[in-house]
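**Q** Residues per chain, in single letters:
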Amino acid sequence: MKTNFDFDQIPETAWCPGCGNFAILKVIKEAFVELNIDPMKLVFSAGIGQAAKTSQYINSNCFNGLHGRALSVATGIKASNPELIVIAEGGDGDMYGEGGNHFIHAIRRNIDIVNIVHNNMVYGLTLGQASPTSRKGSKTTLQLDGVFLEPFNPIAVAISLNASFVARAFSGDMKQLKGILKEAVNHKGYALVDVFHPCVSFNKINTFKWFKDNTYYVDESYDNTDKMAALEKAFETDKLPLGIIYKNGKNKTFSENLKAYKNNKRPLYKREVNLKKVEKLLLSN
Amino acid sequence: MKTNFDFDQIPETAWCPGCGNFAILKVIKEAFVELNIDPMKLVFSAGIGQAAKTSQYINSNCFNGLHGRALSVATGIKASNPELIVIAEGGDGDMYGEGGNHFIHAIRRNIDIVNIVHNNMVYGLTLGQASPTSRKGSKTTLQLDGVFLEPFNPIAVAISLNASFVARAFSGDMKQLKGILKEAVNHKGYALVDVFHPCVSFNKINTFKWFKDNTYYVDESYDNTDKMAALEKAFETDKLPLGIIYKNGKNKTFSENLKAYKNNKRPLYKREVNLKKVEKLLLSN
Amino acid sequence: MKNDISIVLSGEAGQGIRTVELLIIRALKNSGYNIFSTTELMSRVRGGNNTTEIRVSNKSIQSFVDKIDILIVLSRNAIYRIENRLSENTIIIGENTFIEDKYKDGQYKIKDIPLSSLAKEVGGLIYSNVIIFGLLSGIFNINLNLIKEYISEQFSAKGVNITENNINAVIKGYDYGKNLKLAIQVEKNEEIKKQIILSGTESVAIGALAGGCNFISAYPMSPSTGVIQFLAKHSEEFGVVVEQAEDEISAINMIQGAWYAGARAMTTTSGGGFALMQEGISNAAMVESPIVIHLAQRPAPSTGLPTKTEQADLNLALYTGHGEFPRIIFAPGNVEDGIFLTQKAFNLADKYQIPVIVLTDQFFIDSYQSIKPIDFSMFKPKNYFIKTDKDYIRYKITEDGISPRGVPMYGKGYVRFDSHEHDEGGFITEDPEIREKMVDKRLRKMESISKESIDAEIIGSKNYKTLIVGWGSTYGVIKEAVEVLKDDDIAFVYFKQVYPLPNNTQKILEKAKNRIIVENNATSQFGQLIKSQTGLEFNKHILKYNGMPFSLEEIIEKLKEKK
Amino acid sequence: MKNDISIVLSGEAGQGIRTVELLIIRALKNSGYNIFSTTELMSRVRGGNNTTEIRVSNKSIQSFVDKIDILIVLSRNAIYRIENRLSENTIIIGENTFIEDKYKDGQYKIKDIPLSSLAKEVGGLIYSNVIIFGLLSGIFNINLNLIKEYISEQFSAKGVNITENNINAVIKGYDYGKNLKLAIQVEKNEEIKKQIILSGTESVAIGALAGGCNFISAYPMSPSTGVIQFLAKHSEEFGVVVEQAEDEISAINMIQGAWYAGARAMTTTSGGGFALMQEGISNAAMVESPIVIHLAQRPAPSTGLPTKTEQADLNLALYTGHGEFPRIIFAPGNVEDGIFLTQKAFNLADKYQIPVIVLTDQFFIDSYQSIKPIDFSMFKPKNYFIKTDKDYIRYKITEDGISPRGVPMYGKGYVRFDSHEHDEGGFITEDPEIREKMVDKRLRKMESISKESIDAEIIGSKNYKTLIVGWGSTYGVIKEAVEVLKDDDIAFVYFKQVYPLPNNTQKILEKAKNRIIVENNATSQFGQLIKSQTGLEFNKHILKYNGMPFSLEEIIEKLKEKK
Ligand SMILES: Cc1ncc(C[n+]2csc(CCOP(=O)(O)OP(=O)(O)O)c2C)c(N)n1
Ligand SMILES: Cc1ncc(C[n+]2csc(CCOP(=O)(O)OP(=O)(O)O)c2C)c(N)n1
Ligand code: SF4
Ligand code: SF4
Ligand SMILES: [Mg+2]
Ligand SMILES: [Mg+2]
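Keeping their order, the protein sequence lines are chains A, B, C and D. According to my numbering, the stretch in the first sequence is residues 381 to 665, in order. According to my numbering, the stretch in the second sequence is residues 381 to 665, in order. According to my numbering, the stretch in the third sequence is residues 108 to 670, in order. According to my numbering, the stretch in the fourth sequence is residues 108 to 670, in order.
It is worth saying that the hints were derived from the structure and are not from the lab. C-beta atoms are modelled at their ideal positions from N, C-alpha and C, and glycine is treated no differently. It is possible that part of the hints are untrue.
[Unchecked claim] Straight line, CA to CA, 20 Å or less: simulated DMTMM-like cross-link-like pairs of lysine to aspartate or glutamate:
| no. | chain 1 | residue 1 | chain 2 | residue 2 |
| --- | --- | --- | --- | --- |
| 1 | A | Lys660 | C | Glu260 |
| 2 | A | Lys562 | A | Glu530 |
| 3 | B | Lys642 | D | Glu344 |
| 4 | B | Lys630 | B | Asp603 |
| 5 | C | Lys572 | C | Asp595 |
| 6 | A | Lys519 | D | Glu661 |
| 7 | D | Lys487 | B | Glu652 |
| 8 | B | Lys519 | C | Glu343 |
| 9 | A | Lys657 | C | Glu343 |
| 10 | B | Lys639 | A | Glu530 |
| 11 | D | Lys227 | D | Glu202 |
| 12 | D | Lys216 | D | Glu343 |
| 13 | A | Lys660 | C | Glu343 |
| 14 | D | Lys519 | D | Glu531 |
| 15 | D | Lys497 | D | Glu531 |
| 16 | B | Lys632 | A | Glu530 |
| 17 | A | Lys519 | D | Glu343 |
| 18 | C | Lys544 | D | Glu661 |
| 19 | D | Lys301 | B | Asp603 |
| 20 | D | Lys638 | C | Glu644 |
| 21 | C | Lys340 | B | Glu652 |
[What the hints assert, rightly or not] If the Cβ cut is set under 7 Å, some of the chain A residues that face chain D in the computed set are:
| no. | residue |
| --- | --- |
| 22 | Ala394 |
| 23 | Gly477 |
| 24 | Leu522 |
| 25 | Ser581 |
| 26 | Val598 |
| 27 | Ser601 |
| 28 | Tyr602 |
[Unchecked claim] Chain D stretches covered by chain B per the calculated footprint, using a threshold of three residues with CB under 8 Å from any CB of chain B:
| no. | segment |
| --- | --- |
| 29 | 235 to 245 |
| 30 | 314 to 322 |
| 31 | 335 to 348 |
| 32 | 513 to 521 |
One chain only, chain A, in its complex shape:
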């Protein structure tokens, strides 16, 4: 069924048949339909990579910018128009490799966006090198004898930085993914949704089955507002936990803190220069 977020003509995607990105794309669109969000109010700020191409396949506003910089662009967008719903989207290489510094500092700002990271534990678009989340021992087209670096743990790092919403999902379970995404969108403040998905072309280790076998959902009894408990979860390696791992919605968001909005709530595009005021400033200098 054609949703608000579909184009009149279905675009040909650049993804490999069987790739987890298809499910993620589908769920994102469904989630926004169910949330009754007007695509006019939505912006996808995306990086570069197979994951980031998602933004090309959604009929809405988008800024498909540079590899690694989606969070910076998203910050600029949201801060200039807090009425927009802003999604920063990219792959594990995009957000945690090239974009690692922005990941840290976007969390610190508590900018009210959803950060969706398609985590296939590999660099897909550049044909299969290790990504920061590649597990130790993974053999790749560049790490021929296997990765020996400690994998980047986005969940633990985000919690350590006191991120206000930290979740992990799996493209193989679209229902749960959708639920998590919807909560992330409804959450006020920075929300990380790290989504495991299989790369059928380059990741022969972390396959659909592997994710299926090596993940589980945190259950009802789990208190995701308990930071230490959340970190314990984040460090589990036996099976990787899925769900909303941590939540902390107490802080003001970035835009709420900005003085530019203290006396004037209008988004910047609706404002006009007051040359008289500037002239007065000069004269009083």
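Model the placement of chains B, C and D with the ligands on the given structure of chain A, informed by the hints.
**A** Okay, now just chains B, C and D with the ligands, sitting in the frame of chain A:
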């Protein structure tokens, strides 16, 4: 007394009278004297900032490079000559701001260096803007109404990334600082030493007295190999813990993993090109 | 001493020389004197040696001079770096112990002032600065009430006691200054009292506000940081989003997000930070986002000399970013142009959806001039984005290459920016034909851009045989040199737009028999640009790259050497 | 079909066209044919449409041709993108269902091959590639045993069964190919059998090893990644430290640490990554660290066309980094020069302690050529660092500007690199005199560098009136065009060193009445450089910027249009 690490002529430092950097400089030199380390074998890879100038005042090898890039340079040095003792040194802005991405990934590599961060919670050299570690509410020359970003917690982030050695010291307690530094040097693998120190010119909040009043040392009973306990410490805000917060020396270091050293332990500068072998490779292509 | 007096304050970083500078230039200006002041710093927070030069003149001036008429010594080791600028006429004023014996052998006129004890009498060393302010006011015979007013204003927030102490301090200095009887004669001009004192930094920041800037993100870097600091101070009043980025890469991408959402955004940086922004600038070109970059140059390569001056980042600005795309580069040489060009940068960036670079340097940024009030009604800030309709496409191929830019939520269309080569809708394409059309479309903007280039300005004789070419911050010194030389054969052409070259370039340059270029760099980057675009060569290059600006004497001498 | 045959394989990404390419070019070369092959890709992992052209000739060839003699269709939608390259002589070979009806109206010669069923007979669709390899071998009548040998070699690791299936597959294809009776006549040459097949990527990587490269750090980016992948494969054997950096900024700084410690280090990247390295490159200039950068260009700005070709990053390379400093830029046009220049890059970087850039592009990188074995004894890899003594100072001011470089632990001195302006000892200085001396010292290296520039090479008539200028990867196509035109008035000058311009530039260019420049970009960046350095203009610019390399036909036509 003139040590091995002092110049014949004492250089004029560019620091303000009363700055914590003096103590750190002194302790670093003493620590290396006490460890009986030959300055010929030592390299300081430094960034840019008041902290980073430390490298200018030590009579040894140094690479005083770009703001934020000391860890990348240090990685290149250590990987090319594992026999060198390599210190990556800089300020909180240097290592956690501009250099944030390298901080994350140097830890993942477990490169066997000591990473000394002079943490004065402010940008000193550029005259007093907020740094990633500035506490909320700190008023600065740029954050006129006070910082509202969540402060970067280097200790928690490093532990989250499974750093092999994570410590925090205070320039006001030179004895402890020296002890911690010496342990860091002796430690095999990446070692973070975040050193609190007062910036008398720009940080009127986190003064010597403030650090004195707001820190304490972890005691004998504390087990710094317990990751979760370490994280609990890292999150304490009432008083900030000092000492070796976390230690995990089990992993191979970066250089130990490199195939370039598998059959040949000599540092790269001692090696010669074997053109015959290259020719053979071409012919077999 | 008559009509052109140069005072130098020399002391340590952290002593508050800038406070004295700001007080005295305002007092002098308000007394009807033309002033110009400029600061030369060491890269440190305390100690070392910084100097500030204040020129007082009967004419409008904007240049640094070597000569020192009055030297105020505020610390030990404050003379050796400027020793070669002293002459037998120099009056050295300072505490006896600060002036080394070798200067006391009679070659200079030394006036001992017991600054420390005077200050202590008032209440402590902290009052030294205000005493110096008083001293200078006394020397220039400034109305004492005016001086007291300033002091009251400046310190009122600190309470009655402190204000009183400061007033006592200023009077002590004032009396001391008057008693020196230095017989200063500088013609005053009532008109000047109405003028405004402005630094390079302030001119860029105010120009930004006049251009509608409501978003700035930057990472601190000398000498560029003042601009974001200024805007932070006025963030609430002018509704400017101000954010210190985690690095320059974030800043350059953040401002593109801001423009995308309808803000008018800029960043401010220096060479190293600008180098880090190269990829981001190329991105702006492809997504066709307007961006404004203030690039305050300092000597490079790498960290270089963080607090000194140079004009050596022009090439990186000219050839910024990977790939091929239009850009505009302005280089203000005085604070009026600082305002005018920065303001204009926003409008042109918006109109053409391209990067516009305002290229300054430490000398420009840290200098103060007095200027006539500016008529702001000549500025026409304009938002060029359109209200979109349902069929809106972002990258419509148009005759002039400009595709109307929409903003999300304004109108009925979706706004799709894309950094890949894209079709008119903003979707990835790899079609060679579309690629070619899109390259052509983007480059085509250069035609209109060139048409509205700001002409180079000729100063001096219209019938020149010798033409001196300068750009940006060398404006003041070349202008003054030409005025001093009063030679009918000589003119100066000032480029405030350095790229694209103004349309009158070829004509102006061709007319000269003898072309001399003046640049604060080692390889004559602007000269190379002119050669590659016009084919014209220079007969002489006057280049300086030791971190210092040109002095007036230096330029005059070099011009006399061989004109 | 005689002596110059062009085969195009067209199918989807992920189908393994490259496997066929590598097998068949080796088989053809080993049969005594000259070959050249080049690939044109879409930026995706599976699907879409990629094409590979394989030329078989009696002469040495290195260019892309438009014409297609034999088209092998391997998937649906594999023709429309190259439709305009088909002629009535084109033989289209492919599965009936893959060829749309509109091509079957008699204008082309269509040969249906039931590829899927043939493959299934052997064991599955996976064998299609090997059948195609067999087919092409059959068409060219290659010795069947040779073919079988390759297959055994290629698949031996996968077990007897799989090898056998593949041999069956190749035979099936072979028979099919022979039965087509295409009457191909290309003269063979025994000498060619001794040649080596090499891609641009491999030439750079092998050149690096020949230059003593023992350290590479890079961040993946098309089309540059092959170089680090190649070195990773040989890391243990050649003792190369190979590290994937977290970003390009880390890579460019890491390699400076490596050189500092005595390694010979490089990075490999494309435009966007190179843009991110600008600050780091400027740093290398200041600390005077050697660095070697392989920059494989792709169409920009920004993300651009990740898998296509262009020569538009020259300007950023020429004016790389903030500030002023020496650099060298090589641009190999063939794989021999790929080896030679990359090797030389290491020695020159080391000797002059500067950045050396090897500038290639996707077309060069992804193309295969066969070349004669190279005599490696002509390479003289040399470590220029010295054994330090106790009084060693890093930045000694010398006549040629080169300060001997020490390495920690080698000798008795401390090695102090500094990114600020520094004194001879490597300590921060703000002294204007030292600053000036250090700038001069660094820039002085340019003199010696220029002296040993690699001359531009003239190909064709020595008595040219028309001179065609090309650099880098356009070498093959211009050379062949000139050979085809056989006009005594025309010559081609090939620049493999683009900066500094070779010493024979002015002389060679001046001699021509008519100067034509060929560049794979939109603004003739090299032309501008030549103009700014020599004052000479071009009469004609042949420019292409749609992501594709020039074809032979295109160049010939353009040259005929107006020579
Ligand atoms: C500055 C820069 N460096 C490198 C690249 C090349 N590049 C494109 S996508 C990518 C990584 C893709 O990995 P990931 O982000 O995990 O996305 P995936 O393809 O796996 O979904 C890289 C390195 C680039 N586009 N820009
Ligand atoms: C790329 C780049 N950006 C900015 C700067 C300017 N800069 C120099 S030091 C510094 C920060 C200093 O803070 P920190 O690292 O905490 O050191 P501190 O001076 O406080 O010891 C900055 C922003 C620079 N040198 N390079
Ligand atoms: S390469 Fe991997 S991640 Fe990319 S589309 Fe193919 S399967 Fe998906
Ligand atoms: S500015 Fe602060 S950190 Fe820097 S030297 Fe002065 S006191 Fe120390
Ligand atoms: Mg990925
Ligand atoms: Mg600091």
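**Q** Decide, hint by hint, whether the structure agrees.
**A** Quick rundown of the hints versus the structure:
1. For the hint linking lysine 660(A) to glutamate 260(C), the alpha-carbon distance of about 19 Å falls within 20 Å, and the restraint holds.
2. With a C-alpha separation of about 32 Å, the suggested pair lysine 562(A) and glutamate 530(A) falls outside the 20 Å cut-off, and the hint is violated.
3. Simply put, lysine 642(B) and glutamate 344(D) have alpha-carbon atoms about 9 Å apart, close enough for the 20 Å limit, and the pair holds.
4. The hinted pair formed by lysine 630(B) and aspartate 603(B) meets the criterion: a straight-line CA distance of about 16 Å does not exceed 20 Å.
5. Restraint check for lysine 572(C) and aspartate 595(C): the C-alpha separation of about 8 Å stays at or below 20 Å, so the hint holds.
6. At roughly 44 Å between alpha-carbon atoms, lysine 519(A) and glutamate 661(D) are farther apart than 20 Å, so this suggested pair is violated.
7. For the given pair, lysine 487(D) sits about 12 Å from glutamate 652(B) by alpha-carbon distance, which is consistent with the 20 Å threshold.
8. At most 20 Å may separate the alpha-carbon atoms for a hinted pair to count; lysine 519(B) and glutamate 343(C) meet this at roughly 16 Å.
9. This hinted pair checks out: lysine 657(A) and glutamate 343(C) have alpha carbons roughly 13 Å apart, not beyond 20 Å.
10. At most 20 Å may separate the alpha-carbon atoms for a hinted pair to count; lysine 639(B) and glutamate 530(A) meet this at roughly 17 Å.
11. In summary, the hint linking lysine 227(D) to glutamate 202(D) is supported, as the alpha carbons are separated by about 13 Å, within the 20 Å threshold.
12. At roughly 51 Å between alpha-carbon atoms, lysine 216(D) and glutamate 343(D) are farther apart than 20 Å, so this suggested pair is violated.
13. This hinted pair checks out: lysine 660(A) and glutamate 343(C) have alpha carbons roughly 16 Å apart, not beyond 20 Å.
14. Between lysine 519(D) and glutamate 531(D), the direct Cα distance comes to roughly 17 Å. Compliance with the 20 Å bound is thereby established for this hinted pair.
15. Of the supplied pair hints, the one linking lysine 497(D) and glutamate 531(D) holds, its CA atoms being roughly 15 Å apart against a limit of 20 Å.
16. Distance hint between lysine 632(B) and glutamate 530(A) is fulfilled; the C-alpha atoms sit about 10 Å from each other, no more than 20 Å.
17. For the hint linking lysine 519(A) to glutamate 343(D), the alpha-carbon distance of about 16 Å falls within 20 Å, and the restraint holds.
18. With a CA separation close to 19 Å, the supplied pair lysine 544(C) and glutamate 661(D) stays within the 20 Å bound.
19. For the suggested pair lysine 301(D) and aspartate 603(B), the alpha carbons sit about 67 Å apart, so the restraint of at most 20 Å is broken.
20. Restraint check for lysine 638(D) and glutamate 644(C): satisfied, since their Cα atoms lie roughly 12 Å apart, inside the 20 Å limit.
21. Under the criterion of a C-alpha separation no larger than 20 Å, the hint pairing lysine 340(C) with glutamate 652(B) is inconsistent with the structure, at around 60 Å.
22. Checking alanine 394(A) against chain D by beta carbon gives a least distance of about 4 Å; that is within 7 Å, so the hint holds.
23. At about 5 Å, the closest approach between the beta carbon of glycine 477(A) and any beta carbon in chain D falls short of 7 Å, and the interface hint on this residue holds.
24. Here the hint on leucine 522(A) is kept, as its CB sits about 5 Å from the closest CB of chain D, short of 7 Å.
25. With its C-beta approaching chain D no nearer than about 5 Å, serine 581(A) sits inside the 7 Å limit, and its interface hint holds.
26. For valine 598(A), the suggested interface contact is broken, since its CB lies about 30 Å from the closest CB of chain D, more than 7 Å.
27. The closest approach between the C-beta of serine 601(A) and any C-beta of chain D is roughly 38 Å, which is over the 7 Å cut-off, so the hint fails.
28. Against a cut-off of 7 Å between C-beta atoms, the interface hint on tyrosine 602(A) is violated, since the closest Cβ of chain D lies about 32 Å away.
29. For a cut-off of 8 Å, the count of residues in the segment 235 to 245 of chain D with a CB near a CB of chain B stands at 0, and the three-residue condition is violated.
30. As drawn, the segment 314 to 322 of chain D meets chain B at 6 residues by the rule of a beta-carbon pair under 8 Å; at three or more, the given contact holds.
31. Using a Cβ-Cβ cut-off of 8 Å, 8 residues of the segment 335 to 348 of chain D lie near chain B, which meets the minimum of three, so the contact claim holds.
32. Only residues whose beta carbon comes within less than 8 Å of a beta carbon in chain B count, and the segment 513 to 521 of chain D has 6; three or more means the coverage holds.
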